[in-house]
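Participant: With chain H held as given, fit chain U with the ligands onto it using these hints.
First to last, the sequence lines map onto chains H and U. With full-length UniProt numbering as the guide, the letters of the first sequence map in order to residues 1 to 455. With full-length UniProt numbering as the guide, the letters of the second sequence map in order to residues 1 to 455.
FYI, nobody ran anything at the bench for these hints, they're computed from the structure. Watch out, some of these pointers could steer you wrong.
Claimed, not checked - Covered by chain H, per the in silico footprint, the following chain U stretches (three or more residues, Cβ under 8 Å):
id : stretch
1  : 87 to 100
2  : 131 to 141
3  : 415 to 425
Keep in mind the model is a prediction, meaning the values are calculated, not measured. Using N, Cα and C, we set each Cβ at its ideal position, and we do this for glycine too.
Number of protein chains: 2
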Amino acid sequence: MPASPPRRQLHLNAFLMNAGHHDAAWRHPLTTPERITDPTYFQELARTAERGLVDSVFLADGLALWGNARYNALGGFEPLTLLSALATATERIGLIATVSTTFNEPFTTARAFASLDHLSGGRAGWNIVTSGSVDEARNFGRDEHLEHSLRYERAREFVEVAVKLWDSWEDDAIVLDREGGVYADTDRIRPVDHRGTHFRVRGPLNVPRSPQGRPLLVQAGSSEDGREFAARHAEAVFTAQQTLSDAQAFSKDLKSRAARHGRSGDDVKVLPGICPVIGSTEAEARALEQELTVLQVPEYGLAQLSGMLGTDLTGLPLDGPLPELPDERDINGNRSRFTLVADLARRDGLTLRELIARLGGGRGHWVVAGTAEQIADRLEEWFTQGAADGFNVMPPHLPGGLDHFVDQVVPILQARGLFRTEYTGRTLRDHYGLPRPAVPRAGRPRQPVAAGEPA
Amino acid sequence: MPASPPRRQLHLNAFLMNAGHHDAAWRHPLTTPERITDPTYFQELARTAERGLVDSVFLADGLALWGNARYNALGGFEPLTLLSALATATERIGLIATVSTTFNEPFTTARAFASLDHLSGGRAGWNIVTSGSVDEARNFGRDEHLEHSLRYERAREFVEVAVKLWDSWEDDAIVLDREGGVYADTDRIRPVDHRGTHFRVRGPLNVPRSPQGRPLLVQAGSSEDGREFAARHAEAVFTAQQTLSDAQAFSKDLKSRAARHGRSGDDVKVLPGICPVIGSTEAEARALEQELTVLQVPEYGLAQLSGMLGTDLTGLPLDGPLPELPDERDINGNRSRFTLVADLARRDGLTLRELIARLGGGRGHWVVAGTAEQIADRLEEWFTQGAADGFNVMPPHLPGGLDHFVDQVVPILQARGLFRTEYTGRTLRDHYGLPRPAVPRAGRPRQPVAAGEPA
Ligand SMILES: Cc1cc2nc3c(=O)[nH]c(=O)nc-3n(C[C@H](O)[C@H](O)[C@H](O)COP(=O)(O)O)c2cc1C
Ligand SMILES: Cc1cc2nc3c(=O)[nH]c(=O)nc-3n(C[C@H](O)[C@H](O)[C@H](O)COP(=O)(O)O)c2cc1C
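If we strip away everything but chain H, and leave its shape as in the complex, we get:
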């Protein structure tokens, strides 16, 4: 057969979460919630994703117990430690950890990612979040949460410092001249001497430059501030989108913002979330979705919804409509998720109960129930119509939901030429088709962190 012409291919990230993304997954017999603090459980999940040639696995993170552990399998591993353990249990798949810029220090965070990048041979990625909840602030000496735009301001400077630290060792700084007694050429290891508004950091880092130079920078906030941040710094963007047209608009907006910062649209990969409920027939998929909905605990859904909407909904009739909601600009938490949920409820005229059911699978992410073929069709549609560069796959139940995706959906995407049939690169940057950043050489002036960013 003649080789088919090279085709643009999509990227896949596997978003791992305890018993799965559906908030009732832990109650379903398909899941094993007793294993969520067992490292072999996550090793198996990561290996499944690697078997599917997926670009990366990803762990979300919060700095407080998110939601009420009475009604959901919450709590468990911290991402950097868990991914370090997964680094040695896998060979090719990328490892993306969430770390907040609001409650950490750039030196510590830059160093942990450099270490993970060495451990994994160049497979580290950082999902940069600003943390959205007052519960998190209260674990770090504050009574109130830092204001939304101030969090992003801190995040910008935080990333700027981290980049300087990763660049503080040149690639060839270690000369290892045993005879001459010179381990490193210290002209190629330079202090960063950062003195900014939020941070003063002298550097250099105490980790040699890692295989990727810098971890892949990922971002997941879709508010105005979040998009501006992503347009400057992010190389991959996770986002929750409900419809093709919303996703198209988001992608277009983000890429044109990136262009304003002197970057190409290809420099930032847009990855909407999808929660795929897979059945061997569509009816079977819908039945599984229904089984999960039936297992939802209304108190839990209502509390989660209250959090997302910045509005206390307790005591309201489940079969009634939503009350009056605040304005987006009064939301200090996850601003884009507020808007998405409020729009969804309005658009489809949902009762509280219906809204809780709709959010159960993906907390606002796109949920598709159907056969593997139907799901592949939808992915292809979004991918070819400018709504996505790839997808953040959020299985409703684990481990089975990931197995089904890997064994059933991936082969269809491959047969259509939409997805790789082998890993061709070694690093996470390779998988996403992104370059390894160069370090400005000593003597030459230091390059700006990203075009448009002050040096």
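Facilitator: Using the frame of chain H, we list chain U with the ligands on its own:
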């Protein structure tokens, strides 16, 4: 043969450090400094230690590049990420990571150790340090280092908060009642509501109680403040001691301080460091020691010594005596190491060059060159004469120095009944013969953190 009467046995910790503890190790053909950012190198070291039935491996840590990387193989992995990777490559050995209380937050640190404890099935240990250098402070927004006693004050409150967080989930908090829709009994997951001088932390932790309940608490500062801290909180203590009588005095002092805090002497294991230079004859060991001394870079040794002594020694003649030194109370860095080094130089009337040579192997720790038999004799002597509960083994060169210790010294200690011939427990606490702490049950008043500690 009749069973021999049970005998008190010693504990062994393997202190892993890049190319080895001697500051010229990286130049010696026995070492592989090109592997210090290769995780398989550390996996092999940890497996060697495990083959030797050693209680734990340990990684030191600093939050800046320690010393001049021009002349030594400095920089490399961050301990928590590396030990997480080692957790899945080993089965029984304990994993002790250094984390500073001066530049971290209790929520983050408590969580990372709980996560490592889950990952390793109960093998996590925390070497609690307050950080000794202004270079570290400068990576965290400060121009000067926090004052010595204030650092320890912060450390005390830090550990108190961490303990509360580890105890915030009772052992049986997760009930996993799928039918009833109850994942956790939230009466058994309690906020900690800590409001102190340095920290305000609401809690609970977002990690269920880990196999050990709390990581093993280790401490390594021997100043007055350091000893008081250790007497309250530490379950194992690393210490640098030059002579049997100094080590005896230290151990006696520490155990009597512990007693004043209502603890038994057995609750705190004293582990002096030993840098064993092993040869098949004593002459061979001395020759190896001499080879390493010859490879020392004087500029490096002088800079390290300047740091330890809080005195700039650059330009002084190497074959001359030490200059006038400051008073111990004017040292804000590592106070006990200052005193040890100053005493050593005075006692033996050393020139700068001689002192640099004496410190090359262990930076002030006890260096013993000899046959495996001779080294076992000295360990037995210290152990049976009240100077040690075990040892912190610091091989001068790696990986070979650890192999030699495990293959040659350990069997002698075993033959003498001084060391285990198999792991009998599963957790790090088991290895050190320390109990798993209980959580105060709901309803009952919360227990004090440690006897003598305010609740
Ligand atoms: C797929 C996805 C994953 C996310 N993961 C996290 C996370 O792990 N931790 C977190 O604090 N926020 C997470 N977020 C939230 C965003 O990072 C961001 O903080 C939030 O959307 C608020 O930002 P915004 O107001 O700009 O939308 C995630 C969002 C998405 C879409
Ligand atoms: C075996 C050993 C290991 C140590 N490891 C570290 C370390 O990893 N990081 C650190 O900052 N200090 C380390 N120290 C230093 C002590 O923890 C302590 O900070 C130092 O001795 C200063 O405290 P002091 O003034 O109470 O003696 C170590 C000390 C010893 C004896």
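Participant: All hints, please: hold or fail.
Facilitator: Evaluation of the provided hints:
1. 87 to 100: holds (count 3)
2. 131 to 141: Since 5 is at least three, the answer is holds.
3. 415 to 425: violated (count 0)
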